[in-house]
Amino acid sequence: MITYQIERRSGVATYMQIVLQTKQALRLGVLVPGDKLPTAKEVVETAAINPHTVLKAYRELEREGLVELQPGRGTFVRRGLGSTDAASQAPLREELTAWLHKAEEAGLDAEDAAALFDACRAEVYATADSPSQAGPTHP
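If you're matching positions, the sequence shown starts at 1 in the UniProt record's numbering and goes up one per residue.
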């Protein structure tokens, strides 16, 4: 089960943090279709937030077709987001973790490493998405 970590100083609305953390868990295979999300009461107890905030987040996830609210039963994952499962991501995760350790040894803090990663990601995916760079497409 997922445990939400609310960053009060992040500048991101609390309900949106729940939405984003749920989506990340779906992408990483931590949550899969059929899994039950924590109840609003459980989230309130662990994160010390208003129950309406949790319900707002869950309604947003439902609107996006990611979860299904079943009255009296709970909120269940309807579909995942990841293009691969957690097992196939494991080698990439190990490589990325090793890279982060190297970045830390080189003097980069977490924000520096994230900025470098984001810049590289933008270059790779911009190139891959560019029609002139991506190569032929097949119908």
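No wet-lab data here; the hints were simulated from the structure.
All C-beta atoms in this analysis are idealised placements derived from N, C-alpha and C, irrespective of residue type, glycine included.
Among the hints, erroneous ones may be present.
Distance condition first, Cα-Cα at most 25 Å in a straight line; then the derived BS3-like pairs of lysine-lysine [what the hints assert, rightly or not]:
1. Lys36 with Lys23
2. Lys56 with Lys41
3. Lys56 with Lys36
4. Lys56 with Lys23
5. Lys41 with Lys23
Okay, the calculated beta carbon distance ranges per label pair [to be verified]:
6. Glu60 with Tyr125: 23 to 31 Å
7. Lys41 with Asp112: 22 to 30 Å
8. Gln24 with Ala48: 16 to 24 Å
9. Lys36 with Ala115: 16 to 24 Å
10. Thr39 with Glu104: 31 to 39 Å
11. Leu81 with Asn50: 34 to 42 Å
12. Ala48 with Leu96: 26 to 34 Å
13. Asp109 with Glu64: 19 to 27 Å
14. Asp109 with Val12: 32 to 40 Å
15. Leu108 with Val12: 20 to 28 Å
16. Ser10 with Leu108: 28 to 36 Å
Results for each hint:
1. Lys36 with Lys23: 14 Å, holds
2. Lys56 with Lys41: Given pair Lys56, Lys41 holds - Cα atoms ~14 Å apart, limit 25 Å.
3. Lys56 with Lys36: Given pair Lys56, Lys36 holds - Cα atoms ~17 Å apart, limit 25 Å.
4. Lys56 with Lys23: Given that 25 Å is the threshold and the Cα spacing comes to 15 Å, the pair holds.
5. Lys41 with Lys23: 20 Å, holds
6. Glu60 with Tyr125: 23 to 31 Å: 25 Å, holds
7. Lys41 with Asp112: 22 to 30 Å: 39 Å, violated
8. Gln24 with Ala48: 16 to 24 Å: Taking Cβ atoms as reference, Gln24 and Ala48 lie about 21 Å apart, which means the hint holds.
9. Lys36 with Ala115: 16 to 24 Å: 36 Å, violated
10. Thr39 with Glu104: 31 to 39 Å: 38 Å, holds
11. Leu81 with Asn50: 34 to 42 Å: Since the Cβ atoms of Leu81 and Asn50 sit about 26 Å apart, the hinted range of 34 to 42 Å is violated.
12. Ala48 with Leu96: 26 to 34 Å: Holds, since Ala48 and Leu96 (Cβ atoms, about 32 Å apart) stay within the stated range.
13. Asp109 with Glu64: 19 to 27 Å: 33 Å, violated
14. Asp109 with Val12: 32 to 40 Å: Violated, since Asp109 and Val12 (Cβ atoms, about 20 Å apart) do not stay within the stated range.
15. Leu108 with Val12: 20 to 28 Å: 23 Å Cβ-Cβ, so the 20 to 28 Å window holds.
16. Ser10 with Leu108: 28 to 36 Å: With a Cβ separation near 21 Å, Ser10 and Leu108 fall outside 28 to 36 Å, so the hint is violated.
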